[in-house]
Amino acid sequence: MSPLSDADLVHLRSVLPDTEPRYRMLEQIGAGGMGVVWRAHDTRLRRDVALKVLARAQPGPDAEARLTREAAILARLEHPGIVPVHDTGRLDDGRLYYVMKLVRGRPLADALEPSTSAGQRVAILLRIAEALAFAHKAGVIHRDLKPSNVMVGDFGEVLVLDWGVAGWLGERTPDTTGATPAADAPGPTDPAAIDSTDTTLPAGRTATGTILGTPGWMSPEQTRGLISQTDARTDVWGLGALLVWCFTNEAPQVGANGAIHLPPKLPRPLKSMARRALAQDQRERYAGTDDFLSDLRAWRDGDRVSAHRESTPERIGRFVTRYRVPILLISAYITARIALYLWRRI
Amino acid sequence: MSDDRFPETRASAVLAARSNEEAARRAAFNRIITAYWKPVFKYLRLRWKADHDQAADWTQAFFLRLLEKEFVQSWDPERGHFRTWLRVGIDGFVMNERKAAGRLKRGGGLAPLSLDFDDAERELAPLLPVETLHPERYFEQEWARSLFEGGIAALREDLESSGRGLRWRIFEATDLAGGDRPSYRELAERFHEPETQITNHLAAARRQLRQILSERLRELTGSDDEYAFEAERLFGTKGSA
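One line per chain: the protein sequences are X and L, in this order.
So that you can map any letter, position 105 of the first sequence is 105 in the numbering used here, and since no number is skipped, the others follow by simple counting.
So that you can map any letter, position 202 of the second sequence is 202 in the numbering used here, and since no number is skipped, the others follow by simple counting.
Looking at chain X on its own, in the form it has when it is part of the complex:
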């Protein structure tokens, strides 16, 4: 190439746009079928963010509509348990992106250790369920709850991630009946599975023959392709699955007859909760996340869990556990009075 003349150098220095790229890409931190997530630096606000951009191999208006919709859903959900969206835009090559808070922490799988108490596990579940309850009140369902979509932050915050297949409650979306997961479908922790659906197209537009969610973590209605039937109870199923996973490190095992095999180490009231949340028939599940939350809080506080029919020993045990301090005080008082009485008699 011939050397750049003075005239061209002066010209170029004057015509190049003075807009610096707002975001500098630092490293790729995730990838799915639809998009790529980068850790990026916001040069204006001088902070690191997460930037999700459409993959180059996935151009077209449908992909853009999905990403736009995902960003719009997230933008509506301002909650401590949901990653906030900061910005949207296009890269110089025209690809659409949206920017969200960079979550620093560990995936749920790494946050739970063998020494983590049942109370701590339930505390995390409560935070997840609270975020979901908020989303449901805002008219949004997640539809892809699984451990890899939950992050526990450095300061103990719990965040529900990846709303890529989320939908609006009451939205009329055609079913994809007959579209069953392929035998070689991605596993529960495969990030590509997050985008393995085309059912998050704008309302009324759905690509048939695709699946919604992640195999192994999908509710029965999702597995059957009955997307129009997905509602808040679909996320209740997901919460039930997470409940089982939090105590067993395994996804719920569904038998041929649809029965859920629950591990013996799960406390009985929680087992009853899981059984109700994971019911095949949506009508038999909790009616909404609030009901699930109520039971979870009840278990945490030593109250009666609505999904569990207690035996008498269980009721006594729960009573003793809950009121152990006053019971101990009263017992000590009675013992002292008896001792005093006997001493005076002597």
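Wrong hints could be hidden among the right ones.
[Unchecked claim] Output of the computed footprint for chain X on chain L, the stretches with three or more beta carbons under 8 Å from beta carbons of chain X:
| hint | stretch |
| --- | --- |
| 1 | 147 to 159 |
| 2 | 176 to 185 |
| 3 | 204 to 212 |
[Said to hold, decoys possible] Simulated restraints on C-beta separations:
| hint | chain 1 | residue 1 | chain 2 | residue 2 | range |
| --- | --- | --- | --- | --- | --- |
| 4 | L | E78 | X | D290 | 50 to 58 Å |
| 5 | X | T116 | L | G165 | 57 to 65 Å |
| 6 | L | P182 | X | T68 | 33 to 41 Å |
| 7 | L | Q73 | X | S14 | 31 to 39 Å |
| 8 | X | G170 | L | S223 | 48 to 56 Å |
[Said to hold, decoys possible] A few chain L positions that, by computed beta-carbon distances, are all more than 10 Å from chain X:
| hint | residue |
| --- | --- |
| 9 | S12 |
| 10 | F29 |
| 11 | K99 |
| 12 | T196 |
FYI, nobody ran anything at the bench for these hints, they're computed from the structure.
In this text, a Cβ means the ideal position worked out from N, Cα and C, and glycines have one as well.
Starting from the known structure of chain X, arrange chain L on it as the hints suggest.
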């Protein structure tokens, strides 16, 4: 650019040049020398009035000296900009070389760098002889020219390899046309495209060039403040770092 690399951000080469890892230091050195060897050669020719062979010899020796870890570590990013440090370093280097002339053979035992000094000499010819040159300003201008030339070459390679040759040709016909630049209408007729498409292509090419240059500038600076300073010198804006 491949999907995975775009849009990439490379680490600061001037900081990597101070690394303890030999491989990282050499890779950084290659990036620095690509941007600086021509300005250094021309600076030696004009500021120090070295003849072609001497300037070539000193350029080789200076960059080989730069490769030594201790030498680069004498640059403190907190105390000064790399470009200024480099130019001052050249002056010190030449003075030392002149003192040592006759005692040492320059670059003895070191493999020479592959640099096309004849090409740089041809670029220099229109300026010679120069008596009223401001050395610092000239070094900065040649550094900017070198950066732009590298950026334009990268832009061309990317556009042509990605099937966007038309965009490159429109950019070349407009922004690399020398003094007499064609109008949008003339370009539209020449390339059989609507004027709106011409302006779109041109805007996109300029934006991409700016991005490439910004990335390269980041490589050649050691901090956000230094980048902002150099961006202002190069583009007339502070950038947003």
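Right, here's what the structure says about each hint:
| no. | hint | in the structure |
| --- | --- | --- |
| 1 | 147 to 159 | holds (count 5) |
| 2 | 176 to 185 | holds (count 5) |
| 3 | 204 to 212 | holds (count 7) |
| 4 | L:E78 to X:D290: 50 to 58 Å | holds (56 Å) |
| 5 | X:T116 to L:G165: 57 to 65 Å | holds (59 Å) |
| 6 | L:P182 to X:T68: 33 to 41 Å | holds (39 Å) |
| 7 | L:Q73 to X:S14: 31 to 39 Å | holds (38 Å) |
| 8 | X:G170 to L:S223: 48 to 56 Å | holds (53 Å) |
| 9 | S12 | holds (12 Å) |
| 10 | F29 | holds (23 Å) |
| 11 | K99 | holds (34 Å) |
| 12 | T196 | holds (16 Å) |
Checked against the numbered hints above, the structure breaks none of them.
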